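Enquirer: Just need the whole structure built from these sequences, with the hints factored in.
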Amino acid sequence: MRESYIARHVAGLKPSGIRKFFDIVATMKDVISLGIGEPDFVTPDAIVEAGIRSMHQGETHYTSNAGLIELRRAVVQYLKASYGVDYDPLSEVLITVGVSEALYLSLSALLDPGDEVIVPTPCFVAYQAEVILAGGKLVELPTYAEDGFLPRPEALRAAITPKTKALLIGYPNNPTGAVATRQVLEEIAKIAEEFDLVVISDELYDQLVYGVPHVCFAGLPGMHQRTILLGGFSKNYAMTGWRAGFAAAPASILVGLARIHQYTIMSAPTMAQYAALEAMLNGQKYVAEMRSEYDRRRKLIVGGLNSLGLPTFEPHGAFYAFPNIRASGMDEETFAQKLLEEEKVAVVPGSAFGPGGEGYVRCSYATAYEKIEEALRRIDHFMRRHG
1 MRESYIARHV AGLKPSGIRK FFDIVATMKD VISLGIGEPD FVTPDAIVEA GIRSMHQGET
61 HYTSNAGLIE LRRAVVQYLK ASYGVDYDPL SEVLITVGVS EALYLSLSAL LDPGDEVIVP
121 TPCFVAYQAE VILAGGKLVE LPTYAEDGFL PRPEALRAAI TPKTKALLIG YPNNPTGAVA
181 TRQVLEEIAK IAEEFDLVVI SDELYDQLVY GVPHVCFAGL PGMHQRTILL GGFSKNYAMT
241 GWRAGFAAAP ASILVGLARI HQYTIMSAPT MAQYAALEAM LNGQKYVAEM RSEYDRRRKL
301 IVGGLNSLGL PTFEPHGAFY AFPNIRASGM DEETFAQKLL EEEKVAVVPG SAFGPGGEGY
361 VRCSYATAYE KIEEALRRID HFMRRHG
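The sequence shown begins at 1 in our numbering and counts up by one.
By construction, these hints were calculated from the structure, which means they are not laboratory data.
Any given hint could be a false lead.
As the list claims (entries may be wrong) - Straight-line alpha carbon distances no greater than 30 Å define the calculated BS3-like cross-link-like pairs of lysine-lysine that follow: (1) 80 - 165; (2) 29 - 285; (3) 299 - 285.
Stated by the list, open to error - Distance windows between CB atoms, simulated: (4) 380 - 260: 47 to 53 Å; (5) 377 - 59: 44 to 50 Å; (6) 299 - 82: 22 to 28 Å; (7) 155 - 309: 25 to 31 Å; (8) 13 - 251: 30 to 36 Å; (9) 14 - 196: 29 to 35 Å; (10) 341 - 62: 45 to 51 Å; (11) 82 - 59: 23 to 29 Å; (12) 154 - 58: 56 to 62 Å; (13) 56 - 329: 31 to 37 Å; (14) 158 - 14: 23 to 29 Å; (15) 90 - 158: 39 to 45 Å; (16) 155 - 4: 36 to 42 Å.
Computed from a predicted structure; not experimentally measured.
Note that CB positions come from ideal geometry on N, CA and C, so glycine has one too.
Expert: Dropping the structure here:
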């Protein structure tokens, strides 16, 4: 009998650094979690009711492989109104099972074995794994706080080889909260055009920005034809459990994603699509309310961490703070472990998100204001002992 039937590239994947800590948290009481990357808000009632109504009306069958045409049209209208970028709802938009599926489809459709994908880090933990699972070669490109956690153009150029096929970026960023400036994105666009790269741009948090604009990569001059734009409803509308997202790309690229989606998924959940449609058409007031509350929490946690001697990069997007914890004298793994054990506050080691995350931890402020206040008090006690 074989020692293992699991494929080598799967067996070699590292377990998620996030899950490790939350497996521990699940066994403890009175923990304040600043780790989970999920809105603490429930899905707004009108969106929930739209999903329920669809089921009562008998909408319990498959939709088109590409998703409800009404939802695809709503996505197109949103992207046009918000960012001035045009897509054909019939051939250039695909509704997926969250942005996670859209990411999987993008890499699987693009990569031949050995094709290289450059991924600026720290980044969402699935990026590296999905490149490997798609048969690609991962090229991590560390970014740093002094650059706003944005890639240096000269470093990006240096990472490109004849085998480089794609660049995978995610802004607003998880875990740093960084928002890419137009200037940096235009530099990336020039390099993508020069080296004929496809850019996969994960813009899941596009509406959760504070005091700065979000720049849609596909809306930059010449980038529509070489960009796969990933978006969704999970974070903006507090719809994580509904599992609805989308990919938008030129028809010549999207056909590859659609072909894989057709055979692996068939179609995204029908009731989730109707809920997402309601979110697209009438959900902006809910987004504005949640964004305002996130901003209030953002100011609290960033100011609080800085006052405790933990220098914190100012996040302008998503709902994460990324403090530097070197003043504690610990590495990020030890800091997170001891903080959980001693003060029952859960954070995620920055190294879980790739190179550049060493010496940092991720703190999510997608939790109640009062809980953040208590977490800061506990971190204060911790730093008085260790700082």
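Enquirer: Now, for every hint given, state plainly whether the structure supports it.
Expert: Hints, verified against the model:
The hinted pair formed by residue 80 and residue 165 meets the criterion: a straight-line CA distance of about 28 Å does not exceed 30 Å. Between residue 29 and residue 285, the direct Cα distance comes to roughly 35 Å. Violation of the 30 Å bound is thereby established for this hinted pair. Note on residue 299 and residue 285: the hinted pairing holds, with a Cα-Cα distance of about 22 Å set against a maximum of 30 Å. In this structure the supplied range 47 to 53 Å holds for residue 380 paired with residue 260, their Cβ-Cβ distance being about 50 Å.
Under the hint 44 to 50 Å, the C-beta atoms of residue 377 and residue 59, about 48 Å apart, fit the expected range. For residue 299 and residue 82, the Cβ-Cβ distance of about 25 Å falls inside the hinted range of 22 to 28 Å, so the restraint holds. Distance hint check for residue 155 and residue 309: the Cβ-Cβ separation is about 30 Å, which falls inside the suggested range of 25 to 31 Å. As the Cβ distance of residue 13 to residue 251 is approximately 33 Å, the hint placing it in 30 to 36 Å holds.
Separated by about 31 Å at the C-beta atoms, residue 14 and residue 196 satisfy the suggested range of 29 to 35 Å. A hinted range of 45 to 51 Å holds for the C-beta pair residue 341 and residue 62, which are about 48 Å apart. Taken as a hint, the range 23 to 29 Å holds for the pair residue 82 and residue 59, whose Cβ atoms sit roughly 28 Å apart. For the pair residue 154 and residue 58, the beta carbons lie near 58 Å from each other, so the given range of 56 to 62 Å is met.
The beta-carbon spacing between residue 56 and residue 329, approximately 59 Å, falls outside the hinted interval of 31 to 37 Å. Between residue 158 and residue 14 the beta carbons are some 26 Å apart, a value that agrees with the proposed interval 23 to 29 Å. The supplied range of 39 to 45 Å is met by residue 90 and residue 158, whose beta-carbon atoms lie about 41 Å from each other. Roughly 38 Å separates the CB atoms of residue 155 and residue 4, a value that falls within the hinted 36 to 42 Å.
Of the hints listed earlier, those the structure fails to meet are numbers 2, 13, in rising order.
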